[in-house]
Each structure stands twice: as structure tokens, then as C-alpha cells.
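Chains as they are written, first to last, in the numbering used here: chain A, 1 to 479; chain B, 480 to 576; chain C, 577 to 1052.
Simulated from the structure, these hints should not be mistaken for lab results. Mixed in with the good hints there might be a few duds.
[Unchecked claim] Only pairs whose alpha carbons sit at most 25 Å apart, straight line, appear in this in silico SDA-like list of lysine to any residue:
1) C:Lys707 x B:Pro562
2) A:Lys467 x A:Asp8
3) B:Lys509 x C:Met929
4) B:Lys573 x C:Tyr673
[What the hints assert, rightly or not] To be clear about the criterion: a stretch of chain A counts as covered by chain C if any three or more of its residues have a C-beta under 8 Å from a C-beta of chain C, and this derived list gives those stretches:
5) 156-170
6) 174-186
7) 190-196
8) 322-333
9) 363-372
Since we're looking at a predicted model, the values are computed, not measured. Virtual Cβ for every residue (Gly too), placed ideally from N, Cα, C.
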Amino acid sequence: MSNITEMDALTLGREIASGNIKVREATESYLSSVKSKDEQYNCYVTVDEEGAMKAADEVQARIDKGGLKGSPLAGVPVAIKDNMCTEGLLTTCSSKILYNFVPTYESTAVAKLRDAGAVILGKTNMDEFAMGSTTETSYFGPTRNPANPEHVPGGSSGGSAAAVAAGECVYALGSDTGGSIRQPASYCGVVGIKPTYGTVSRYGLIAYGSSLDQIGPLTRNVSDAAAVLTAISGHDERDSTSVNKPVVDYTKSLVKDVKDIKIGIPRDYFGEGLDPEVAAAVRGAADVLKNAGASVEEFDLSLVNYAIPAYYTIAAAEASSNLERFDGIKYGYRTEEYAGLHNMYKKSRSEGFGAEVKRRIMLGSFVLSSGYYDAYYLKALKVKALIKKAFDDAFSKYDIILGPVAPTTAPKLGESLSDPIKMYLGDIYTISVNLAGLPGISVPCGTDSDGLPIGVQLLADCFNEEKLFRTAYTYESEK
Amino acid sequence: MANIISDETIEYVGILAKLELSDEEKEAAKSDMGRMLDYIDMLGELDTDDVEPMSHAFPVQNVFREDVVTGTDIRDQILKNAPEEKDGMFVVPKTFD
Amino acid sequence: MSDYETVIGLEVHVELATKTKIFCGCSTEFGGDPNTHTCPVCTGMPGSLPVLNRQVLEYAIAVGLATNCDITRYCKFDRKNYFYPDNPQNYQISQLYLPICRNGHVDIRTESGVEKAVRIHEIHMEEDAGKLIHDDWLDASLVDYNRSGVPLIEIVSEPDMRSAEEVIAYLEKLRMTISYLGASDCKLQEGSMRADVNLSVRKVGETEFGTRTEMKNLNSFKAIARAIAGETERQIDLIESGEKVVQETRRWDDDKECSYAMRSKEDAQDYRYFPDPDLVPISVSEELLDEIRSREPEFREAKIVRYAEEFGLPEKDILLITENKHLADVFEETVACGAPAKKVSNWLMVETMRLLKENNLDPEDIRFSPKNLASLIKLTEDRTVNSTVAKEVFEEMFKSDCDPAKYVEEHGLATQNDEGALRETIQKVIADNPQSVDDYHNGKEKAIGFLVGQTMKAMQGKCDPGSVNKILKELL
Chain A
1 MSNITEMDAL TLGREIASGN IKVREATESY LSSVKSKDEQ YNCYVTVDEE
51 GAMKAADEVQ ARIDKGGLKG SPLAGVPVAI KDNMCTEGLL TTCSSKILYN
101 FVPTYESTAV AKLRDAGAVI LGKTNMDEFA MGSTTETSYF GPTRNPANPE
151 HVPGGSSGGS AAAVAAGECV YALGSDTGGS IRQPASYCGV VGIKPTYGTV
201 SRYGLIAYGS SLDQIGPLTR NVSDAAAVLT AISGHDERDS TSVNKPVVDY
251 TKSLVKDVKD IKIGIPRDYF GEGLDPEVAA AVRGAADVLK NAGASVEEFD
301 LSLVNYAIPA YYTIAAAEAS SNLERFDGIK YGYRTEEYAG LHNMYKKSRS
351 EGFGAEVKRR IMLGSFVLSS GYYDAYYLKA LKVKALIKKA FDDAFSKYDI
401 ILGPVAPTTA PKLGESLSDP IKMYLGDIYT ISVNLAGLPG ISVPCGTDSD
451 GLPIGVQLLA DCFNEEKLFR TAYTYESEK
Chain B
480 MANIISDETI EYVGILAKLE LSDEEKEAAK SDMGRMLDYI DMLGELDTDD
530 VEPMSHAFPV QNVFREDVVT GTDIRDQILK NAPEEKDGMF VVPKTFD
Chain C
577 MSDYETVIGL EVHVELATKT KIFCGCSTEF GGDPNTHTCP VCTGMPGSLP
627 VLNRQVLEYA IAVGLATNCD ITRYCKFDRK NYFYPDNPQN YQISQLYLPI
677 CRNGHVDIRT ESGVEKAVRI HEIHMEEDAG KLIHDDWLDA SLVDYNRSGV
727 PLIEIVSEPD MRSAEEVIAY LEKLRMTISY LGASDCKLQE GSMRADVNLS
777 VRKVGETEFG TRTEMKNLNS FKAIARAIAG ETERQIDLIE SGEKVVQETR
827 RWDDDKECSY AMRSKEDAQD YRYFPDPDLV PISVSEELLD EIRSREPEFR
877 EAKIVRYAEE FGLPEKDILL ITENKHLADV FEETVACGAP AKKVSNWLMV
927 ETMRLLKENN LDPEDIRFSP KNLASLIKLT EDRTVNSTVA KEVFEEMFKS
977 DCDPAKYVEE HGLATQNDEG ALRETIQKVI ADNPQSVDDY HNGKEKAIGF
1027 LVGQTMKAMQ GKCDPGSVNK ILKELL
């Protein structure tokens, strides 16, 4: 079959289940796609050809023995963001400091995928330690946007988004701390969902901002996203912040019906800085849903501008502590020459971390330091509470909040990194979602005049993924 | 710029964070951090006197494990990625005088 | 010197007696080759996450209740950030903002009879660090994370103590309370109880505190007493010579009997505490408190009073038996089996202590059951065995917890109650030892002792010396 690399995950899964396509055949198709394209896009840090072929044969054997019946993703090749630990497979966080780190344990999300019969092709490129919005801060070089290789794929899950868009995998896992799934999904023209905090176990996810990080899928369509999220979510005893709720089959929400859905559009999202083409595409998406029967109105969300400073304070503080363990003692990079313990620490870390990571570690260490904790960190946690309350108020009136994912389409390579604050401003629509722990999905809603993809973002209240999928599916079907 | 970051502050944060910056990086860090703090100072516009700080976005409490041994000897795995090891231990620059 | 007073507060770390570490399922067992009790969590591997051991919380609350603390009903863990190789994450999970217990006190009584309350500022839960070993060959240090993540509570007192004697009374009180709760064995020498001494001096009558120093590495009561004396002198000397005491952490070297500052320009002492986002808050319910309260044992003070009233034991016995809760439990259970209290006490104080000492064991290691001890006492009481045989049986019981009656039976150790056989033996002894018989008749009372001995020997010890004596006198 020639069109394997164009199939979505559920279609390919069905073909494999019915025996029309062998897992080996599907895996080989994707590996050859990676071979022909990845030199150009650099989606992968590690391609695990051998492991993938071995997994393909094992999954095929399970299927042939009548196993994996209830698993729609069995045999479907997937790519994993390189900040999730994979047993026996290099896991770098796209950082020099972990350039040689091979975990001896598996992250829970990846283990769940393996149980479901997934074939892991390799590990995708990202901004170093997920700090960035362009995938340009990777130690292994930037990933390019398949829609236009002059442009970035977004970030930090840029490798995952680009790999899905380029047909170098059927779907991928990413992680989202301030928009790192939704924004690259939008830039690359794929679907990306950040579930409610606590839905997917963080065990094995190398932490950036622990109170904000969530793993989620990047897929070709809404149906795949629902299937993948169903496979990776669920309570995990090893993650204290994992919510103990029964697993939901999100594919049951793939229904074209929004007649009971009340959609609110934050007026504040359409102010200064939003590209008019993006604004038009997003309003167009709202119209589609309105025509499908949803009620749509504008409202004032408030506090939108305060989310970025609150987020960067909290994320940097947590990151400064989370990244202390990279010290050249237990794993990863150790500097060649040093004079004593503290010099070894300083040189290993200074040589091992890139500029953006160091910038955030410095900021985070400062805001937690003696005399500044209350003024910065505690203040940010209070603002977080206010932002959460603003969303609570909004969700007492609306089922779904609709808006843009990012102010613009994907910028050109090299345009963003020079001014950090300008770069951080690009996160304005995605960041508050992480502060409030909400689920958010990015669905393609058009392209700009240069042909670059635009995404629309839908948000729901915590644990209302079902409404999110139903609305997103309806939009995708009706557009 | 309201927040002026001194050389001493950058030096001090470098000690806390175990980062050694080149002179060039130090200058960049001073300016970046000053600008970021100016930006963060915007939070001061909000009255948060009666607001409880929020660590987790929703209330999960009392997550425990039972006191049952589940660990086994996996020393070889634990040491597998060590830059230097000896006698089943990690080697570090000496910590005793 | 005498116009100064020493002001002391203590930070006491106690290793809790859980089976597993505070945040992972690794064993806390001592010994074991380096790093064989480790996992991704307690070695700070990327992506690993902590989950709190319920038993740690319950022990911490139990100690808090027993030391009259308020239990914090909504508490959290914080990260204490500092780089050191024994700390694999380079932060220690501890509690700063909302510790589990606050505002407690314990009543102490010193050797010389001073009675006072020492207030407890707070008790918090935290994880222990790994161990660093110096390697001469490499001129480097080696890290073993077996102890990393072992649960600790840190008990922080107010600066309420004024002498080494008070400090030792306070530590003894904590040790007794915590070991009675079963929350720790509290051994100073083995490091399961560690005390850091915060000390300052001031002129008598002054109300302000002086600048304090913190002293670490105190492994025995003697070292603590010496360190307090040494540091008091050092601080007074500084003040008298017009210098200032610097607030710092000092390490006590008990061999050289002096302390030295543990300063380094790389130690900023700025721990950047913040709530650990990987752990969720703990809400302590009234039910949990009630449950823990209901499990609280009778403490030593109460036992001392009750043993005097109920058993009429001498004070010496009571103090020894109640020194250890397990020993007291064995005592009480043996008495409950019907054995006379003083007899039980004697067995525990003499033979048990001797065997524990000889075998380098603790009272916790006692293996014989109270039922068997009671049964042995019964055998001696009804003269089935004499005291020499009883000791032999006890030694076996101490080793293997054998049933004494069965053991006596199987080994034919019971006293011969067949008077005919005994008379026959005695007659033979008299016949074989004419000299002693003569001596006896010549008024040498001692000679009868020799004849008793000979009889016992001939009977292989299986007879009651009292009966032998009686029959001998009769036949002579």
C-alpha cells in the first residue's frame, strides 16, 4: 500500500487489525519516510530503527495471537518527545547535559502506549528542557516547519508537531507547560491537546515546571487525539499529582453535536498584537460552530496580561530547582577538567546548559532567594489563584472558551530568540491555561496568505475533555 | 529600567544556581533579568492581600503509599549512566579537607 | 566565667523506624552493599517522582502528640535547595512553611534534680542524605545513596536549656518517648538520633540572647557535654577579649576537643525554600488523630508509678525494666502468665541482661516468649529443676525460645523425686567419704557442703539440694 504515511492513526490501526497492513510494513514505511525527510526537517534526536522493527514484530505476534483487540492504536508508529524517559533509549531533553543519558526506566505514558501496542520510532527534537517556543534552543539544532522549512515549527514540542505534519510518524507525544503542545500544533497544522493537569501521569517526564507540565498527543485529527489520550491517561500511583478518576473513553465524545454548547470568546484576546489573518481565521472557526448550533458570544476574561509574568515566575522558580539534579555526578555531561567539587558543578552546568535554560535558572534562583520569595514567587502564586478564579467565573457561563493559539503564524528561523520578552509574549493565549490546570486543544482552522497554518484554541473547564472533543470534532467535521 | 541588577547579584545567583557565566554572559544576564523583573513587577498592580497562594490548580490531598518494600537491588541500573564509578559508588571530587 | 549563662536550643534528627524510605519503596535496612537499596526516586533520576510513605506521617504525628504539640491540620512539603553530592536531587524535601507539629513541650528532670519544661518550636518531616566515603587512592569521594530518602523527623526546641545536664535530660526524655512509641530506636552512636546544638552565651540577668553558633557532629552524650563546655568557653573568651561571636555552623571534633567553622564561599546558606510541586498537601483528620492517640502506649513515667504500686518492686528493678519498652512488655506479659513479679524481674535483670551483653544484643532482640519464661519460673518454684539447671534451660530458651518443660523432659533434667534412689546415693557417698563424715561429726559444719556436692554430682544435678541436705543430716 502506498498511502500508509497519509493515514491517520485510527485508520491505520483498523487496517492493521483487519490484517490488510502488517505492522512491519507500516513501521518500514515510516522509517523510510524519516530517512528521506528528516535531514531536511530535523524532527528527531534519535531514530530507533532496530527497536521499532523489533517492537513491530512483537506487536504483530500479539495481534496474530488474538491480542490487542480493544486497542485501536495497535501497530501504529509513534514518536516520543525527548523529555520522556524511554527504557534503553537515549533521552536528552535536547540538552548537552543529557547527551548520553539512557534511562533504565520507562515513563508511565510511554509504558501505556507500549501496552496498547504502539511502535516507537524514536525521540523527537524540542527546545532544550522544553524552554522555548521555536525548537531553536535544542542542542541538536533547530527543527524546521514542514509547511515552510524557512520557518520554525513552534515549540517546545516542535519535533513532535513537525514529525506528524511531515508524515514522519502517525502521531506523537508532546508535553505542554505553557503552550508547548498547542502552539507547535497550530504552527504545523496538526491537532494538539493539553489535558487537564493530573490526567496523564508525569512519572518519567523530565520536569520543567512540575505544577504546569502535562503530557498530551499531537495528531492528524481530533479523533486520533481522543484515542491517544484515552490510551495514555489514568491514575498512576507513582505520581502524587495524578488524579484518581476512572479512565474515560474520549472517543465516545466524537459526536457532531454542539447545540447545547455555549461558547465564549474573550474580547481581550483580540486586541493589539494579534495578526489580522489569524484573527479572521479564528473568528471563522467560531462561525462554523455557531452555524452548527452552538451559542457564541464575546466576554471579558480579564487578567490576560498578568498570566505571562506570573507564569514565568512560577515556571522559572520550579525549573531552577528541578534542574539542580543535573550536576555531573549521577548521569549526563561532566566537564573534562575541574578544580574541586564546586568548580565541577559550575563548569559541568555552564557547559551543559544552553543560554535560554541558564536564563531561566538564574531568574528562578533569584525569585526564590532570600528576601525576594514573597515579592515574586508568592505573589505569582496569588495571581495564579486570581487567574483560576477568572476562568471559574467564565466557565460558570460558558462550556467552551474559543480563541487563537498564538498571535501570529510560525516566524522565520532566527527571528525570535533575540528578545526573550517578545518571545514570551507569544505565549499569551496558551499560558494561563497551564496556570489554571485546564484542558486546551489546538485544531487547524486555515492558513495565512503565505500558506502557513493557523490553529484555533478551544478550552474547557477541568476534566471537561469530553466537551472539548465534541466541540473540536464538530468543528473539524463541519469546516 | 527599574530593576538594576548588580554584578554582586549576578555573582550571588551564580553561586546559588551553580552557574559560571562569562563576562559577556553576565552582562546579558544582568540586562535580561532586570527586564524580566520589570515585567514581573506588573503583578504588583493587582491587589492580592486577601488571596491565598495557589500551588496546585485543584485540590488533590493525602496521596500516600503504604510502608511496603517494593525496591530490589538494581544498583547496576542506577550506576549505568554515572560519569565515574568505583566499588558500586558514584565518584565525586573530594568533599573532605 | 560564672557571671555568664549558656543558652542552648537543640535540633534533633531522628530516623524513623519505617520499613521503606519516605518517598519510595526502597528498604531502610542498615548494612547492604553500597547503592543496593536505591531506585530512580532516591537517586534523583530525571523524571522520577516522590510519593509519601503514610507511616512517616503517622509516626511524626505520634511523636508530636506525645510531646504536647499542636498538629498542623493542613501541612505541606517544601524543597530546601543546596548542592552537595550526598543529596541526589540537590534539594532536600523537608518542611519549612507548614511543619506537621508546632508549639509542644516536654518535662525534664536532670540528674541533680532540676525540673523544667523544654518547649518544642516545631517538628518536621524530611528525607535523610546519602553517605560520602573518602577514597585515598583516587583522592576523591564516593557516594552511597542507601541512606538517601530514609525518613527523618527534626525536632526543633526553643532555646530553653542552660547546661549540658539539661540537654542530656532532654535528649533522654525524647529518646524514651520516641522509642516507647516505636517510632525510632534513637541510637546516638549509630546515628538514628543526631543532635545539633545551638548555643549562645550572655551575662546573667540579661534578657537579650547573644549571637549563637550551631554545632554538628555530636555522636554521644559525652561529646555533647564536652562540646557545650568547649563552645561556651570559646564564646566567653571572644566576648571578654572584645571580639564578636559570628553566627555560623561549626563542626565538633571530639578527639581534638575543639570545633571549627564549616564556612565556604560556595555555601550561600540561602536555601530558596518553596512548596514541592511534586507532592500534594496533607490534610490531617480528627479520625486519624484519634486513631493515633488510641495507639499511644503507657509511657515510662506512668509505668514507674504503677510498677511500684502494683508489683511492689524495688526502684532499681523498676528503672531497669522500664528503660526499654520491649523489656517492660516482656515483664508485664510474663507476670500476666502468672509468674511472681520479683522472680520475673530477677530473671530479666540478671540472666537476660548477662546474655544480651555477652551476645551484643539489644532488649528488642529478646526472642523468648513471656509464656516460656513464666513456665520456667514455675518449674523452679515447684522444684522440678534446681537453679543451676534452670540457668542452663534459660540459656537454651534465650537462644531458641524452647518450651522449658519439654526441654527438661527431653534432656532428663528434672529433679529426682524418688527418695529411695536418693537415699541409696547418699548412703554410698557417706560410705565413700569417711574423712568428711568424721569431720562433720567433729563439728566441722562445712564438711556437709562437700557431701551435698558429691551427692549432686552423683545425681547429675537432678536433685534438690535442700532435700539432699535434710537426708544427709538424718543419716549422719
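Hints, verified against the model:
Taken as a hint, the Lys707 (chain C) and Pro562 (chain B) pair is honoured in the structure, with Cα atoms around 18 Å apart against an allowance of 25 Å. A C-alpha spacing of about 22 Å is found between Lys467 (chain A) and Asp8 (chain A), which places the hinted pair at or below 25 Å, so the restraint holds. The suggested pairing of Lys509 (chain B) with Met929 (chain C) is violated, with an alpha-carbon distance near 69 Å, which exceeds 25 Å. Note on Lys573 (chain B) and Tyr673 (chain C): the hinted pairing is violated, with a Cα-Cα distance of about 34 Å set against a maximum of 25 Å.
With a threshold of 8 Å between beta carbons, the proposed coverage of the region 156-170 of chain A by chain C is violated, since 0 of its residues qualify and at least three are required. Using a Cβ-Cβ cut-off of 8 Å, 0 residues of the region 174-186 of chain A lie near chain C, which falls short of the minimum of three, so the contact claim is violated. For the region 190-196 of chain A, the assignment as covered by chain C is violated, since 0 residues bring a beta-carbon within under 8 Å of that chain's beta-carbons and 3 are needed. Given a C-beta distance limit of less than 8 Å, the hint that chain C covers the region 322-333 of chain A holds, as 7 residues qualify and 3 suffice.
Counting residues of the region 363-372 of chain A whose C-beta sits closer than 8 Å to any C-beta of chain C gives 4, which meets the bar of three, so the coverage hint holds.
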